[in-house]
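Line order of the protein sequences matches chains A, B and C.
Numbering follows this note's numbering, with no gaps: position 117 of the first sequence is 117.
Numbering follows this note's numbering, with no gaps: position 192 of the second sequence is 192.
Numbering follows this note's numbering, with no gaps: position 202 of the third sequence is 202.
Worth flagging that the hints you see were computed from the coordinates, not collected in a lab.
Check the hints yourself; a few may be wrong.
Covered by chain C, according to a simulated footprint, are these stretches of chain A (three or more residues, beta-carbon under 8 Å) [said to hold, decoys possible]:
| hint | region |
| --- | --- |
| 1 | 148-157 |
| 2 | 160-169 |
| 3 | 312-322 |
Among the chain B residues that face chain A by a calculated CB cut under 8 Å, a handful are [what the hints assert, rightly or not]:
| hint | residue |
| --- | --- |
| 4 | F29 |
| 5 | M55 |
| 6 | R94 |
| 7 | M102 |
| 8 | F104 |
| 9 | S112 |
Pairs of lysine-lysine residues, derived as PhoX-like cross-links and limited to a Cα-Cα distance of at most 20 Å, are as follows [what the hints assert, rightly or not]:
| hint | chain 1 | residue 1 | chain 2 | residue 2 |
| --- | --- | --- | --- | --- |
| 10 | B | K75 | A | K245 |
| 11 | A | K230 | A | K249 |
| 12 | B | K133 | A | K245 |
| 13 | B | K52 | A | K230 |
| 14 | A | K193 | A | K107 |
| 15 | B | K52 | B | K86 |
| 16 | A | K249 | B | K133 |
| 17 | A | K245 | A | K230 |
| 18 | A | K292 | C | K237 |
| 19 | C | K102 | C | K129 |
| 20 | B | K132 | A | K245 |
Just so you know, these numbers come straight off a predicted model, no measurement behind them.
Think of the CB as a built atom: it goes at the ideal place given N, C-alpha and C, for glycine as much as any other residue.
Spelled out, the chains give:
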Amino acid sequence: MGDTILLRFTLERFVGMVITMALVSVMVFLIMELPPGDYADRYAFRKYSGTGVNVTEADIEAIRRDLGLDKPMVLRYFDWIGGIVLHWDFGQAFAFETSVTKVIGDKVWLTAGILFATLLLTYIVSIPIGIFAAVRRGSAVDYGLTVFSYLGLALPNFLLALVMLYFANRWFGADIGGLFSAQYRDAPWSAAKVWDMMKHLWLPAVVLAWSAVAYQIQTVRATMSDELNKLSVTAARARGVPETKLLIKYPARLAINPVVSTIGFDVNRIFSELPIVAVVLGLTELGELLLKAYLDLDMNVAGAILLMLTFAIVFMNFFSDLLLAWLDPRIKLGA
Amino acid sequence: MPTMLSVENLSISFRTDEGVITPVQGVTFAVEAGRTLGLVGESGSGKSISTKALMQLLPGTAMLGENTRMTYTDKGGKDIALGHLKHGSRELRRIRGGEIGMIFQEPMASFSPVYTIGNQMMEAIMLHRGLKKREAREFAVEMLDKVGISNAAARIDQYPHELSGGMRQRAMIALTLSAGPALLIADEPTTALDVTIQAQVLDLMRDLQRELGMGMIFITHDLGVIAQIADDVAVMYLGTIVERGPAREVIRNPQHPYTQGLLDAIPSVEHLHDRLKPVPGDIPSPTNRPTGCPFHTRCAQAIPGICDAQEPVETTPMPGRAVRCWLHSDKDRSAA
Amino acid sequence: MIDATHQIDDLSAAEEKERERQLKYYSASQWTLIWWRFRRHRAAMIAASLLGLMALAGIFAEFVAPYGPVSRDTKYIEGAPQMPRFCDAAGCSMVPFINGTKTERDPVTLRAISVPDPEVRHYIQFFVKGERVKLLGFIPIDRHLIGLSPDADQKIHFWGTDDLGRDVFSRTIYATRTSLSIGVIGVLISFVLALIIGGVAGYFGGIIDNVIQRVTEVIRVVPIIPLYMGLAAAMPKEWSTTQVYFAMTLILGLFGWPTLARRIRSQLLSIRNEDYVVAARLAGARPGRIIAQHMLPSFTSFIIVDLVISFPYMILSETALSFVGLGLRPPSVSWGVLLQQAQSVRAIEQTPWLFIPAVFVVVAVLAFTVIGDGLRDAADPYSEAH
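Just chain A, same shape as in the assembly (with noise of 0.2 Å):
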C-alpha cells in the first residue's frame, strides 16, 4: 500500500517537473529572441565587419533561411527545443564559430563538480553546527554563531572572494585563483589533472557555501530548538534512551527536513552567485562563459546556459521533493 502511494507521489512531482521544464524553457527562448536584430545580422556582422566586403540585404536573408531563422516563432521554439531534447543540440555558437554543445563542453561536468563541492560543504558544516546551537541554546557559542550567520549573510559573496583570495595568495602562494594549474588547464584529464582541480575546488566551495551555510545554520537552529521542546522527546527521555542517541534520532532527523526542502533555493543561490564569483576567482567554468556571452551577445550559449542552470533548480527541487517524502512519512499522505 504505501509503495502505491510513493509511486502515485513520484510520478505527480514528475509531471510537476516536466511541466516546469518546459514554462522554462519558453522563458528562456523569449530571453533569447529579446536583443535588437536577429542571429543572422549578428553572424554577417561579426562575420563580415572589417573584411571589406559589402554585405547587402540578399546575403542576410540567405543566411537567415540557411539558419531557419525565416520561420514564425513558434515553429523556431520548437525547433530550438526539439534540438535540445532529441539531439542535445543547443545550436550554433557564432563568437565560437562552432556549435553551443562544443563551446560548453566539459564544462557542464566543472559545474556540477563546484555544485555539489559546495553543496556537500554547506551541509557538512552547517547541519552539525546549527544542532549544536540549538541543544547549547542561549550559551556563548551559540551567541557567537548567531552573529556569525548574520555576517554570513550579510558580506557580499564578490567581497569574500577577493578577501579569501587575498589570504590565499599570501599562505599559499600566488596560483590559486582559476580552477588548474597552468600546466594542467589544457592538458587532457588525468588523474593528475583530477587531483590538481581539487586544490584549486575548496576556494570556490567555500566561498559559495558561505552564505548557504550562514542561512542553514539559523534554519537548522530554529527548528533544532522547536524539536528539543517536543513532548515526543521528553516521552522518549523517559523512557531511557541515551542523550545522545535520543538528540541524534528524534530532534536532529527532524531539523534537517527543511534543509532538505530547501536544497533547490540553495543551489538557485550557488547558481546566482556562480558568475560574479567566476570573475574575481578565474574560474573558467560555465558562470564566466555566460558572462562573455552576454557581453557578445551570443543568445545561443547564453540561453543554453540559463536553460541548464534553470533545468538543474528544477531537477533538484523535485529530488528534493522526493528525499522529504522518504524523510517524513507525512508528507506523502498530506500531497
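Using the hints, position chains B and C against chain A.
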C-alpha cells in the same frame, strides 16, 4: 503493601527573568506497590512538574529544595535517591522507562512522527529487556495485542498518524509498559480523548495495573476519573497538597473547601437540573503567590486576618486523612 | 463581595499605577503594541537608527557630501584617508584639523607623491561654502555640512580618493542614495505584484490558483543573476544611466515577488472560508474590497516583515551586478559601481580604502535583517504577555 515511592518535602524552583519562582512547595506523598495514587488539581497546580522531577525531566533552570527527599525502591529491593542521579548515568537511564514509566496527555505528540510504532517500541524493549531485534519485535506485537490493538502484527509497522486517537494512546501504553516499569506515571492520559474512548482506556489501564502489579500515579484535573481509578488521592492547589486520603473517603466527605469546590463542579445525574458551580476566580500565577493560605483568594469560608496571613499546617481531622486548612486547626489558630 | 470592596479600598498607590499600566496595555491598538515591543528590541533599534542615518545622508547627499560624486582632486590621486586630528608636533587644538600635503619625488621611483606637510594645518569647518549643487535636485545651495575653509589650498578626503582623485566619502554618500533607492523601488514593485498575484491566487483558489502557482514556480526557479545577465544583454548599449537604473530596478522588482506572493496566497487560502470573510462575500462586497478590507489586515504585520527582509536581496543583487559591470555603469555611483574599482587583490594591498563602500553594504543588509527579526518578534502576539 510496601511503599515503593516516598516523596517528602518536594519543592521545585525555577530561575526566570523575573526572579526565582517556586511552583511546587513542600509536597509529600507516597505510592504503595499495586495501588494507584490520584493527583488532582487545576492546570498550573504543579502536579505534572512534581512527577517530572522524579525522573529528572525538568529543564536545566529547575532546582530542587534542600529538604527534598525522594526515595524509590526498585524491583530488586534497593533504595534509590531520586532527583540527584548523575545526568547520562546508567542508573538514571535504568530508572527512566525500566523502573518508572510515563504516559502523557497527547498521544500524537508523544510519538515521533517519523518512526513506526514498532520502531519506537523495539527501541525501548531492546534498551530495558536486553532482547535482540527479532525477539523485541515479537514482544512488541504481543504488547500491542495485550492493549487491545487488533491486527497487531500489521499495525506495528504503521506510523502514529495512521492510527486513531484512542489507538494511539493504547499504543503509547503498550510502548511504556513494554519496558517493564514497576511504577507507572500517567499524566492526564485520557484528557485528550473522546468520552467513550476515555472509559475504555481507563478500564484498560486499571486491568493492566492489576495484572502486572504496578504502582501508579494518575494525574488528572477530574475528580470523577479519580473515583473510577484511584485508591488514594492527593488534591493539589498552587504547588501544595491541600488534602489527601483514601479516594472514596475524600470524595464522599471532602474536608478542604477546594476539594468541595472541585466536587461541586462535577455534573452528576442526580442534579441534572441544577447549575454547575465552578470554583470562583482564577488560579493565581506562581510569580504572584498569595500570602497565607494559597487558596484564601478564592475561598468562600476564608477567615480574614488568619487565612491571608499565615500558611496552615497539615492536620489530621480523622484517621488516614490529612488536610491543610485553618478551618480544621482550631487549636493552632488560637495559638497563633 | 465584602472582600472585594475591602480590597479596592486598600489599593495602594503602586497598585493603582500598575492597574493604569495594564489598562493602557489592554486598550492599546495592535500597532502600538508592536511598536512597544519593537522598541525594547535593542539590536533592532540600533539597526533602525543606523539605517535612518544612512537614508538621511543619502537623501541629502548634496549637503552631506563635501564634494560632487565626479569632482576630481588632481593633487591627491589614490590618496589615503585623511583623519582629522587634535594634536600634532606643534601642539594641540580644540578644533580638529588635518595637516597639509606637499608634493615630493619618491627618492627611488622618482614618481611624484603626496606627503603630509606638518607645517600647515587646515581646520575642519561646518556649513562651509563649497561647490554649488542642487539639494534634492532642485534647491540650489552652496553650503556643505562639513569641509575645509574655501580659502584652504586643498580639499579634505576623509576616506581617501580613487585613481581619478575623486573623494571616496562623497561618492559613498551619493552611492547610498542610489543603492537604497533601488532597494525601495524594487521592493515596492515586488510588493504590488505579489499583492495582485498572490491575492488573486489565494482569493479565488482552484484552477486560477493552479495556473498562477505554475508561473510563480517558473519565476522562482530561474537564478536571478544569470537571468539578469540575459536581460542586460538585451538592453541597448546607448541607454542613458537613468534608463539603465530604471530598467535594473524594474527587472529586480519583476523577479522578486514569488516569495511574498506565496506567503500572501497561503495566508489568504487559510482564511478564505472564515465566517467573517464569507459574511462579507454574502453581503455582496467585491473581491478587491474583501481582500483589502477584511483579509489583508489579519496578516499585515507578516507582510511588513517579509518586505523588510527582502531589501537585502535587492541590495545584494544590485551590488553584485554592478560589481561585474552588468548593472549600473559609471558615471552613476552606487555601492556596486564603487566596488568595481576594488576588483583586484592589488586594491586590497594598495588602496584598501576603496572597500569602504562594502562596509555600507554589509551594515545596510545586516540592519534590514536585524530589523526584520525585531519586527517579527514584535508582531508575534505570543512572544510575551506584558
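These are the hints, each one checked on the structure:
no. : hint             : result
1   : 148-157          : holds (count 7)
2   : 160-169          : holds (count 5)
3   : 312-322          : holds (count 3)
4   : F29              : violated (20 Å)
5   : M55              : holds (6 Å)
6   : R94              : holds (7 Å)
7   : M102             : holds (4 Å)
8   : F104             : holds (6 Å)
9   : S112             : holds (4 Å)
10  : K75/B to K245/A  : violated (26 Å)
11  : K230/A to K249/A : holds (13 Å)
12  : K133/B to K245/A : holds (17 Å)
13  : K52/B to K230/A  : holds (15 Å)
14  : K193/A to K107/A : holds (14 Å)
15  : K52/B to K86/B   : holds (16 Å)
16  : K249/A to K133/B : holds (17 Å)
17  : K245/A to K230/A : holds (16 Å)
18  : K292/A to K237/C : holds (16 Å)
19  : K102/C to K129/C : violated (24 Å)
20  : K132/B to K245/A : holds (18 Å)
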